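*Asks:* Could you slot chain B onto chain A? The hints should help.
These are the residues of each chain, in order.
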Amino acid sequence: MDYFDRFAIPHPSPAIYASMVAIGLTMIAIVIGLTYFKKWGYLWDEWLTTVDHKRIGIMYLISALLMLFRGGVDALMMRAQTAVPDNTLLDAQHYNEVFTTHGVVMIIFMAMPFIYALMNFVVPLQIGARDVAFPRLNALSFWLFFMGAMLFNISFVIGGSPDAGWTSYFPLAGNDFSQSVGTNYYMLSIQIAGIGTLISGINFIVTIFKMRAPNMKLMKMPMFTWTALITNAIVVFAFPVLTIALLLGTMDRLFGTHIFSMTNGGMDMLWANLFWVWGHPEVYILILPAFGIYSEVISTFSRRNLYGYTSMVASIVIISFFSFLVWMHHFFTMGQGPLSNSIFSITTMAIAIPTGIKIFNWLLTMRKGKIRFTVPMLYSVGFIPIFTIGGVTGVMLGMASADYQYHNTMFLVAHFHYTIIPGVVFAMLAGLTYWWPKMFGFMLNERIGKWAFWFVAIGFNVTFFPMFFTGLDGQARRMYTYSEATGFGPLNMLSFVGAIGLAIGFALIVYNVYYSVRHSSRDIGSDPWDARTLEWATQTPVQSYNFARTPQVDSIEALWDLKRKGKPIFKGDIEKIHMPNNSGMPFIMSCIFFVWGFSLVFSMWIPAIITTIAIFACMAYRSFEKDDGHYISVEDIKATEKDWEVLADENR
Amino acid sequence: MIKKWSFLSLVFALLSVLAGCEPLMVLDPKGPQAETTANVIWISIATMAIVVFAVFGLMAYVVFKYRASKQSEDYEPPHIEGNPIVETIIVAIPVIIIIFLSIVTVKSTYEVEATPKGYEDQKPLVVYASSSDWKWHFSYPEEDIETVNYLYIPTDRALEFRLYSYGPITSFWIPQLGGQKYAMSDMITTLHLAAEVPGEYMGRNANFSGKGFAENIFHVEAMPPEEFDKWVEDVKANAEPLTEEKFEELLEPGHLGQLTFSGTHLGFLPPPEGHHHGSNEHDSEHDSEHAHKDEDTNHSGH
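Chains as they are written, first to last, in the numbering used here: chain A, 4 to 655; chain B, 256 to 557.
For reference, chain B alone in the conformation it holds in the complex:
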């Protein structure tokens, strides 16, 4: 009893403390994919709250009513094997809940794995995001520029991230724009995001990757398309070009600040496209063409 109340009051205390703070990042979405997941999370919290309250309530009732100290000396509990009706209920209700949540899950999983809703007819901005100990390299193939540890993106445009790694498995995560995905050395994973609110967001590697893992973060800035284009032009005009030697240097383990280059490393050190182990149905024609081109220049890469 005391336990239950102390526990519940703890929950409420925490909730009220948190209510006064900034909203939790995952539940403060700034793009359609993150919004989908936030909605799924709220739906699941609501559904699960029913379960929690049912169990807590039933337990409080049983424990309070049938404690030995409040019963007569000669009370002898009955022998009850079970009851088909009761057992049907305790099976049926969870089954219904799980079916409901399964539908929500499948629907939303397909949603977040596809181009964001409302952006289907426009060409997404492709960004290759690769990790090395303990940095992120962002290559914009169409814009022909590359950044390290920071990511500028246009708002209201579909973004297609192609993730891979030059080291241990990492996980690319911008909580306010959408869920994370692994970046691995021998395949490319695709992550679809979009930002709808201009602003600065936190991005990080979420998968433990050794000593420098905690600081393996990157800065994300979403800006109106015009501003983004201006930035691209700016980089092209002013940033130093990315050479192979420079990139090899960048791959050395260690932390770096934010760097900007014109050109990308995709030409001389192509990503591991073309030999996927997993299903990757989102590869467009553009991809396979790209992969093909890569393979031609790629004999020394492996």
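So here's chain A without its partners, still in its complex pose:
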């Protein structure tokens, strides 16, 4: 009985019960469907146990898209609630849970897997590698992220959602002020996903350093690979801080330590510091891969090489360095005095310089080009003005004295959506549309894609531009309601209208996938965009071993040189290829992690101890396991490469 009380939702509402039923029905439908079509074996052999970076990328992609819609529904609920003054659609508690979940889902469970989806799929191909350095570890990364996301998502139907904001500032997030298990979910699910991300970070750094094609010097790497490298370097430096912060926070909540509490010498500001020491680099973890995608897309569709490659590389390195020196601008108002505020103001504004260089380089790349307005290009071109507004408002926020007025207001909300949405969401949609044919073997419909783009771009501006004004008019963020006398009503209504536009845009993207699956041509060749980098020098769909012969590379745009100047990239004879075996271990271990997390959320110590032992047992098993992988024979490769050989031979 005690358990039932604990698992009950503290603040139930019809929406939550409906979601419960929906989750239950979906689960039943999946199980019945898999059984009826006899797909259990296929699911296990081809997906759950796979170590192929391309499949892992696709699984990341599907999860990210699902989470985009989960977080998007939360966003719609918030805009609907604030659309009119004194609205009672959601109560304060529900609204707090919704905006907390929206933030966490969008940053940790949507943007992060989205960038790892594209990195997983593209980076090994771009550098001419057969897989990532540690394929099985890569699978573990994905499953840990996935289980973290699932743990977070059940919070709203079992035991209660986190409600202290995505920043979870203590002491508000402590047991005294957040009594439901929601914040436990927050701590543990982000922890589990974060461990996965940290592992990925190491994996990709090693991959990019050690597995590049012969002759591909660092300064010959395509831009997306460069941004992936720097992003993962930031991950490796920043995520351990999050791990520790979450660990300390978990201890405060589960074991009654007083690290961030108000009494017994706890320091609430310590959480803010640790959180943002991770949190600010995190925003560059999100934006840098986006910069890489735009560089590829703009260059491809302008039919021009990337302008100022060296300065592009230099600027991402500088940005990554500065990203660790600005965290304090998130709490200029915490009373650290004018000197440190001034220093952090200057470092913050300084980031605008390398970012500006990149913007101008993209414009100069388009100059003298031959610009084709495909869907990926529309997102990239649309990104520039929107992101510029996000960037200049960022500089404005970086000015400490003025920040005292913007801090915690809708102005801030407008600013970071003006950077993150064009910076991450547009980039991901651009990248998704751009690499889609390589992933799935058909193109997305351009006409529907363009409609979706216009809905997204215009809807976005209508949603977020008014917030600059409501912020300057004194509307604090995270207010679930406001009185009519404040005069915030009309602009908030406008935001809601914009949000509906955005929702239509995303719905069109889903429709586009459905439509294209049914109607698109499968006969698109291997290089439908006339692109420039190595990932397009593979078969479509890409074979499990990626490249039959290891490519030889001596420029940033190897494929373009092959096509224009006839520089061969595939030389030598086909040899047998060594590949890793599939393994169920990452999936099983992550499932154990899920149970571990769930047990800890509810302080169920016996299962927590058992699963902790089981996790270590899995690691021990792995370290004694003998698994040397397998070879693909020359005959098999020749058979799969028969048609493909043509292009390679022609260019020898």
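Mixed in with the good hints there might be a few duds.
As the list claims (entries may be wrong) - Once the Cα atoms are required to be at most 30 angstroms apart in a straight line, the calculated DSSO-like pairs of lysine-lysine come out as:
hint : chain 1 : residue 1 : chain 2 : residue 2
1    : A       : K373      : B       : K325
2    : A       : K371      : B       : K325
3    : A       : K566      : A       : K223
4    : A       : K453      : B       : K320
5    : A       : K570      : A       : K220
6    : A       : K371      : A       : K453
It should be emphasised that the hints constitute simulated quantities derived from the structure, not laboratory data. This structure is a prediction, so every number in the text was calculated from the model and none was measured.
*Replies:* Okay, now just chain B, sitting in the frame of chain A:
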């Protein structure tokens, strides 16, 4: 193209709609500190407008001129690695802009963190503002009175707010008088303000602090000093005294209306002075004396 124009017309539409409304609170300052920040905001908007128009203009030009549909079939774009002169320009101009804004920032940050200009030689009115779920308590130590959820202040006098919290981190903000600052449980932060125009202002907690956050507002009224003194006398004579039991009751989570007391809670429940984690260089001698006195009576407080 269409995008750009639709976007720009949206901006102008919004601006013209807003021009007809009340001025935005932050840009309608009623005191020197708010005026400083409003000026900084206007300077930054003007500077940033240059950047925005440069980028928008350049982009419109490039996108319009080099679109494939207007070019000949056989046009093949050139291979250009870069150009030192162009690259120097795109680095130098942002550097100059950032240097300019940095100077503005540092100067104004020191300004708003100090006693308001023109009031340096007079003793500021000290008000302890503490938050509890979801209320504000204002203690006037010299006047020996305390209010809940409303704040009366004299005009043309420096105000020194000492902020702390009995619950989650909150942020004390009166947009028309100056920027906000956090109130935390284990240290005091100091905020310097001054009002120059009598009138009623909105004050609120700007930092999310749980369920009652949206209604965590307070009413500010700035009045001529004589009127303020009269109000103080009035309160002293008529308001009920604030006892420890009453204050403990007030700290319970929940919303309250406006309350007035004679006496303050500073005596029996002293603020967390004396053990600062941050730099707090504005503490005057008066402070440390006060803190010292607090510590003596403070053994049960922690």
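*Asks:* Against this structure, judge whether each hint is valid.
*Replies:* Do the hints match the structure? See the list:
1. A:K373 <-> B:K325: Given that 30 angstroms is the threshold and the Cα spacing comes to 9 angstroms, the pair holds.
2. A:K371 <-> B:K325: Holds, at about 12 angstroms.
3. A:K566 <-> A:K223: holds (18 angstroms)
4. A:K453 <-> B:K320: holds (21 angstroms)
5. A:K570 <-> A:K220: Distance ~17 angstroms between K570 (chain A) and K220 (chain A) Cα, so the pair holds.
6. A:K371 <-> A:K453: With Cα atoms ~24 angstroms apart, K371 (chain A) and K453 (chain A) stay inside 30 angstroms; holds.
Hint compliance for this structure: every hint is met.
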